[in-house]
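These two chains come separately, so use the hints to put the complex back together.
If you read the protein sequences in the order shown, they are chains A and B.
The first sequence begins at 6 in this note's numbering and counts up one residue at a time.
The second sequence begins at 2 in this note's numbering and counts up one residue at a time.
Mixed in with the good hints, there may be bad ones.
Straight-line Cα separation of at most 30 Å, BS3-like style, residue types lysine-lysine; simulated pairs [unchecked claim]:
(1) LYS208/A - LYS204/B
(2) LYS297/A - LYS344/B
(3) LYS224/A - LYS212/A
(4) LYS251/A - LYS344/B
(5) LYS224/A - LYS111/A
(6) LYS240/B - LYS204/B
(7) LYS132/A - LYS111/A
(8) LYS208/A - LYS132/A
(9) LYS344/B - LYS212/A
Because the hints were derived from the structure by calculation, they are not lab data.
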Amino acid sequence: MEDAAVASEEYVAPDGPRIEQLDSVVIRFAGDSGDGMQLTGDRFTSETAGLGNDLATLPNFPAEIRAPQGTLPGVSSFQLHFADHDVLTPGDAPDVLVAMNPAALKANLGDLPRGMTLIVNTDEFSKRNLSKVGYALSPLDDGTLDSYRVHAVPLTSLTVEALKEFGLSRKDAERAKNMFALGLLCWLYHRPTEATERFLTRKFGAKPQILAANLAALKAGWAFGETTESFAVSYQIAPAPAPAGKYRNVTGNTALAYGLVAAAHRSGLRLVLGSYPITPASDILHTLSGLKRFGITTIQAEDEISAIGAALGASYGGAIGVTTTSGPGLALKSETIGLAVSLELPLVIVDVQRGGPSTGLPTKTEQSDLLQAMFGRNGESPVPVIAPRSPADCFDAAIEAVRVATTYRTPVLLLSDGYLANGSEPWRLPGVDSLPRLQVEFTREPNAVTGTGAAVFRPYDRDPDTLARPWAIPGTPGLEHRIGGIEKADGTGEISYDPDNHDHMVRLRQAKIDGIDVPLLEVDDPTGNAGVLVIGWGSTYGPIAAGARAARQAGIAVATAHLRHLNPFPVNTGEVLKRYRRVLIPEMNLGQLALLLRARYLVDARGYNQVRGLPFSSGEIADAITKLAQEPLS
Amino acid sequence: MTTDLGLPAFDAGRSGLDLVPALDPDAAKQTRKDFTSDAEVRWCPGCGDYAILAAVQGFMPELGIKRENVVCISGIGCSSRFPYYLDTYGLHSIHGRAPAIATGLVTSRPDLNVWVITGDGDALSIGGNHLIHALRRNVNLTILLFNNRIYGLTKGQYSPTSEPGKVTKSTPAGSVDTPFNPVSLALGAEASFVARTLDSDRKHLTSVLRQAVEHRGAALVEIYQNCPIFNDGAFDVLKDRDEAAARLVRLEHGQPIRFGAQGERGVIRAADGSLQIADVSEVGVDAVLVHDAHQSNPAVQFALSRLDEATLSHVPIGVLRSVTRPTYDDLVRAQVDGAIEAKGGRATDDDLAALLAGNDTWSVGT
Numbered sequence: 006m007e008d009a010a011v012a013s014e015e016y017v018a019p020d021g022p023r024i025e026q027l028d029s030v031v032i033r034f035a036g037d038s039g040d041g042m043q044l045t046g047d048r049f050t051s052e053t054a055g056l057g058n059d060l061a062t063l064p065n066f067p068a069e070i071r072a073p074q075g076t077l078p079g080v081s082s083f084q085l086h087f088a089d090h091d092v093l094t095p096g097d098a099p100d101v102l103v104a105m106n107p108a109a110l111k112a113n114l115g116d117l118p119r120g121m122t123l124i125v126n127t128d129e130f131s132k133r134n135l136s137k138v139g140y141a142l143s144p145l146d147d148g149t150l151d152s153y154r155v156h157a158v159p160l161t162s163l164t165v166e167a168l169k170e171f172g173l174s175r176k177d178a179e180r181a182k183n184m185f186a187l188g189l190l191c192w193l194y195h196r197p198t199e200a201t202e203r204f205l206t207r208k209f210g211a212k213p214q215i216l217a218a219n220l221a222a223l224k225a226g227w228a229f230g231e232t233t234e235s236f237a238v239s240y241q242i243a244p245a246p247a248p249a250g251k252y253r254n255v256t257g258n259t260a261l262a263y264g265l266v267a268a269a270h271r272s273g274l275r276l277v278l279g280s281y282p283i284t285p286a287s288d289i290l291h292t293l294s295g296l297k298r299f300g301i302t303t304i305q306a307e308d309e310i311s312a313i314g315a316a317l318g319a320s321y322g323g324a325i326g327v328t329t330t331s332g333p334g335l336a337l338k339s340e341t342i343g344l345a346v347s348l349e350l351p352l353v354i355v356d357v358q359r360g361g362p363s364t365g366l367p368t369k370t371e372q373s374d375l376l377q378a379m380f381g382r383n384g385e386s387p388v389p390v391i392a393p394r395s396p397a398d399c400f401d402a403a404i405e406a407v408r409v410a411t412t413y414r415t416p417v418l419l420l421s422d423g424y425l426a427n428g429s430e431p432w433r434l435p436g437v438d439s440l441p442r443l444q445v446e447f448t449r450e451p452n453a454v455t456g457t458g459a460a461v462f463r464p465y466d467r468d469p470d471t472l473a474r475p476w477a478i479p480g481t482p483g484l485e486h487r488i489g490g491i492e493k494a495d496g497t498g499e500i501s502y503d504p505d506n507h508d509h510m511v512r513l514r515q516a517k518i519d520g521i522d523v524p525l526l527e528v529d530d531p532t533g534n535a536g537v538l539v540i541g542w543g544s545t546y547g548p549i550a551a552g553a554r555a556a557r558q559a560g561i562a563v564a565t566a567h568l569r570h571l572n573p574f575p576v577n578t579g580e581v582l583k584r585y586r587r588v589l590i591p592e593m594n595l596g597q598l599a600l601l602l603r604a605r606y607l608v609d610a611r612g613y614n615q616v617r618g619l620p621f622s623s624g625e626i627a628d629a630i631t632k633l634a635q636e637p638l639s
Numbered sequence: 002m003t004t005d006l007g008l009p010a011f012d013a014g015r016s017g018l019d020l021v022p023a024l025d026p027d028a029a030k031q032t033r034k035d036f037t038s039d040a041e042v043r044w045c046p047g048c049g050d051y052a053i054l055a056a057v058q059g060f061m062p063e064l065g066i067k068r069e070n071v072v073c074i075s076g077i078g079c080s081s082r083f084p085y086y087l088d089t090y091g092l093h094s095i096h097g098r099a100p101a102i103a104t105g106l107v108t109s110r111p112d113l114n115v116w117v118i119t120g121d122g123d124a125l126s127i128g129g130n131h132l133i134h135a136l137r138r139n140v141n142l143t144i145l146l147f148n149n150r151i152y153g154l155t156k157g158q159y160s161p162t163s164e165p166g167k168v169t170k171s172t173p174a175g176s177v178d179t180p181f182n183p184v185s186l187a188l189g190a191e192a193s194f195v196a197r198t199l200d201s202d203r204k205h206l207t208s209v210l211r212q213a214v215e216h217r218g219a220a221l222v223e224i225y226q227n228c229p230i231f232n233d234g235a236f237d238v239l240k241d242r243d244e245a246a247a248r249l250v251r252l253e254h255g256q257p258i259r260f261g262a263q264g265e266r267g268v269i270r271a272a273d274g275s276l277q278i279a280d281v282s283e284v285g286v287d288a289v290l291v292h293d294a295h296q297s298n299p300a301v302q303f304a305l306s307r308l309d310e311a312t313l314s315h316v317p318i319g320v321l322r323s324v325t326r327p328t329y330d331d332l333v334r335a336q337v338d339g340a341i342e343a344k345g346g347r348a349t350d351d352d353l354a355a356l357l358a359g360n361d362t363w364s365v366g367t
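Chain B with its partners taken away, still in its complex shape (with noise of 0.2 Å):
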């Protein structure tokens, strides 16, 4: 049996901050420093985690919401000790659980922006459940993975990210596993915003990190991250100018997608519907797909995230999927808030007494 929620119209406006407090007007101007915490920062040098450290730091004044209200939740790894060096209420719980305390932290505090710090291991390894499942509730949150494809803190095993063949210490004979496409995985479980950027690339993924906060539902941004100990040059080819605009495909939507350095490669449907690489001046410009991130049928984006190999030939990188539908934690919170309208506010004494007593009471001596 189903029934109909019976809950207010659905807004698709709504911003991923909108119950969150903004800076009272007349406050100081927040800065980068306002959102950088005492704690030394102790990544290992040269890690790409201090790239993306930075860009959030640049990023967050930009916000306008209050500092206080701000929280960031990781998991376990080299990525998850990121909530230290943010001067912002931060949690760094335990490994592949940050989704689940998040989960119950924004459905009971919608005043709050909470974000997630995961990595390849944490969240699509011990965490895998959690992840897809924050992802279909679509629960109002900003879960940014950092894609290092190895184990980092735990010293240089393979990961579920880790390319075929990849010898580890783990490994010696070459992992046999099937990695997972983060993108691909979060399509398929129901994500209403996918995205991936490099670390390197701030001004990308600054630009995509805004998206990220102002859609209302489960964000996740996938975020391609050097580890310079234990895969070193892993997206080498992807910050090699001329490499880079031969693989990288950006995706902006509505715009056509096409990549290489005069914009001469482009994506195209093919006879059998599956989408592939073609030369433009062959198949000719309408012939190029244009990106529609707000489709709300997955396919087409399911395909450009297919076009992703571990080689890293053509790597989309952007905004896959944007689209908007209701977030658990509002409906979550419109039962609740419904049902203690509908009696008239919040239960009192009286109400609590009736609960317990039920239907069928007796007295004795009275």
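Same shape as in the complex, but just chain A (with noise of 0.2 Å):
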């Protein structure tokens, strides 16, 4: 199994604690929302990916920005897996977690095994913290803990104690406690600090007197797991092999922000970003209105319609229109993504999904919005559909969205999600010779001429090979016309109500969608007879791949697919299902991918759904693929 910590290698260095060598760790840092164990898990993921470890990460924290504090709802965790070898997912159960509370350590404990290290902060195991969760003894002292490697470590009082020279109030050395804790996790596993120190002097540059404390209380921290009998073992994980390059740690928000502006740049386009902020999208918001420099517009409009709004005016304007939004937010935007399909305009729509329905689970992901995404519309308004695959494919992905909006002068909708968007992951950076140039082409000159031999301009005539209508903006001679969302009579784009014009116009609408360019179905099959194929879409990539990895090291064949086009799908989808006995589809919601391929391919597709606003464990996919895999054939 790729997420077991074995030990590989002991040995005593001459001087020094003993140094074990491991192939691969899960931390879950884990503690109250202020604790700044978002900022901690980030600090150490980027000082584990400068060492060349393959990495995935976790975020998971409550919609609140501060629940009560010490309370199980206010309990924010990060999870971080890092591995010698390629790592697919954040891990499935934590080899190490640092509870910084005890509402931390009741929230989290049950995903602890057995055996087991465990690090808590001892100094805020007081009754009354113990008792807002329901503690009625400390579990310290009471043997709840006693199967676990217990580090009881009092990292409040040694982090006040390490910045009394600064003249702080004992609140704000508190805060800096996160500080203390990443330099002993440092020290564990052998993680350099010098990022860490340069990122704390880029952000509290301004404010001497706390950066200095935060550098204390790292290196306190590192100095306490070097000096202390406490922890006689440290960590050492050898770099993954990896392609060379030169890399980076991304999140999925990051690298679509930047996918984004990649696309703008490299069609010599500018790009406007209408958006509203919601959770979990606004950090793509965020992220591009910094970017400026690049000829990015963004406009926070009064709502997540006036946002779709703006992203098509600036399309109509010859710019590459953008919105960002979240499940609620998209199903605002239907009208004028309905608009944008009859307008036959560039426009791309990113949703980064989380629970639903409704206002649902803010900061959890989920897939559910693919229906929405394929049909949230009235009358026949079909929209291609991208969905990334993992943090770091999210770049890909949006370039890739911008080329089908552009090339085929639609609105693209572009799935990511909650995990996708927060998670991180080794990004190997890739040369910007070698991005796609995305070739768009305004139209300048009339189209046609008229029975009297004058030219004119008919805005609905189309490309013959991607029945793409002519992308004429607004300050073109001679090119002046009108559109609307009212159905138009093919060629001229009049007002038309004709029947049959306008079940042609259904039909040519609906054939541009399907005749879209998009890549084969490739599958992975490494023996050749699976019996099982696992096809899956979106985030769920990670889990899929472990899984299929843990169940072919227990002698099953299976292959796997995953779909990075929705819609259309690949030309070959129907036939590489068809090639396998059973099909499994695992989905963060209840079946919709399984839904549109049974419906699509008339195969017995299974679906294995989980709808608890985390993505699927490699275990529960593994077995999954068991489970069908043994059981007989009807």
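Printed below as a string of structure tokens:
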């Protein structure tokens, strides 16, 4: 199993604590929302990435900004899986749990397998904090933790003690305890701290006292690990083999924003984002707002509808119009997407999916907007749907969305999700030259001649290959024309209520989307004799690949395939599905892709479904594969 | 936290057409015909929209700008068919959303002269949010709000400007809604230019349009417009010569606010600070309020807008407010252009590579 922490080698250093070599570790930092766990996780991730380990992360936090302190709803956690080999998921279960208070311990202990390591901030285990989460006795004393390797560390008071020379209030000093914990973990796993020191200098450069305190807390944590006898062993994890190149760590939201910037850069068009803040998509707005230097315009609109309206208006004027949102916002944008379908203008709609229905689970992940993306509009209004499969893949998927939108003059739905948005992984930086060059040509001249020989512009004449209509932007002399949401006559674009014309136009718009050039579906079937095909889409890629790997190690022949394009499907999708006796479709919904594939290809595909707001674990997928493979054929 | 925007000094003298390309000096003079499309006009006979269309088509040539740089964006409703009849670029969008779409277009294309055509239902009901935000942002748009106080295209339901008690298909016992006064609403929404005119008064309409287009920023022009089918005669009292003189309060910047056939009535400020109507002969000429459309504090302009009542007893028309302040689209562009200039020009491949790499990278096998 890829997720097990296996000590492969052990030796005692001549002058220091024992160092063990591990091939893989999963660490979970857990604390109160205000404890800085996300920052701590981010920094540990960054140091780990810099060492060349492969990794995947899973931030998990409540929707409330500051839930009541010390309570279970206020617990925020960050899980990191890093290894000396390729990592596909953030890990099924932690090997190490850092619990900053009793609530964090109680909320996360159930996930920690027995025998694993627990680092606890004992200072927070006061009677009051214990009672807030229903502990009658301290679990540190009552035997609850006997089957774990417990390091009870008074993190808060050690931090305050280390910072006493800085003249901070006790409250301010306590706030640096996450840096103390980070320093300790960095020592324990042989991570450097230089990048974090640079980060802190950038962040607190204007507040020298706070900067000095955070740096001191970081160093004190490291020194505590090195000098105390509490930690007799420290661990090393060798770099993972990876293709040569320059790497960085990246979250899905950042990668998606950068993909949009890169697409604009390669197309020579300006990019205009219309957006309304919504979790978990807002970071794309934040990132793009800071990139004006790349010719990016961002408009924070008064609502979701206005946001997509502004984007569509910009597209009409010749920019790449983009809007970013999450499920509830997509619902509000439906009518304007329909208008874009009718106007046949390029537009990119990014939906970072979260738990639904309604407000649902704003900070948790789900894949339940697929059918909304496909069908959530009035009338026959087909829209291409593209889904990235990992945080770094959001970059390429965003470029692909812009390619499809501009080539085919259509709104495109890009379905990310909360797990991709906030999760991160190492990303091999692409050369700018290697990125697709997006050729976009505006129409400058009339495209038809009347019976009397006059040159005219017909806004709904189509390119014979792509069926795309001309993109003639205001300011182009001689091409003045009117378009709108009312049905248009084929070619001329004039208002038409003619029955045959409407039937023709509905079919034309469908044919244009059906004909989009989409790469073939690739199948990974190492033995060539798999009885089960696992097919997925979006962020289940990692868990499916890891689950299939585990099943194969257990001797089950299983094939995998992953759909990036959900509309249209790759042309070989039906053929691939029919090649396998059994098809399994894991989804974080109740079977939306399964519905589409079963309806379209008449295959008896089985769903494996969870809507817990969390990604699948690889173990769950492996079990589902095993169960299906062992089921007798009917 | 706020920051000094650090943008170029505001130039209050800029026209709404400032960045829109003018006709070439040797180009043929434009005529009304150049702005008339081939589409057959399909409003009901006697609709006030015909008069507004004719006024706009007749007025556009005098702007002296390139026709291809004019864009007309509408929502849904009878008035929203307007773009089809102008031979410019036109976008007939969806209900209430024209200001949102226009905001995206104007912000990204300063070279366009953009009009929003909307009605009382489109702008004030389903699109109310977009309207007030376009006004407060001061997007460089000319917004023509055709107010006929009824839903026409859906065949005669009451609208957000219908008078209380209005009996319609959807209010057989009379409407219990309190109506909006569009001019008051616009003033409350921080609009920098607010005017009212009549479909039937071509000269006044054209004069108001001229000032609205010249204004750099969001210009809201309410046009009282007759619906001959579902609300016929709604504004007849303003069209009858004798009645009109007694009811229409014609506002002109810098002029005393007097009305009536002989100018015998005037607007005065009462002891309690409110505005009231008085006989000039009683209060004296000096007591009559002088209209100041440029006053930055909109309190008096708002008070003028409240003289209006559902009965149309005193209806201020003309430009209530015209003040200059930076437009949203100019500021957005200044930030983007400033960021580009500060880095010495458009982003290069190297700049993009540096962005993608960020601050923390590592190398494998190189």
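Against the structure, test the hints numbered earlier, and report the numbers of the ones violated in rising order. 1, 8
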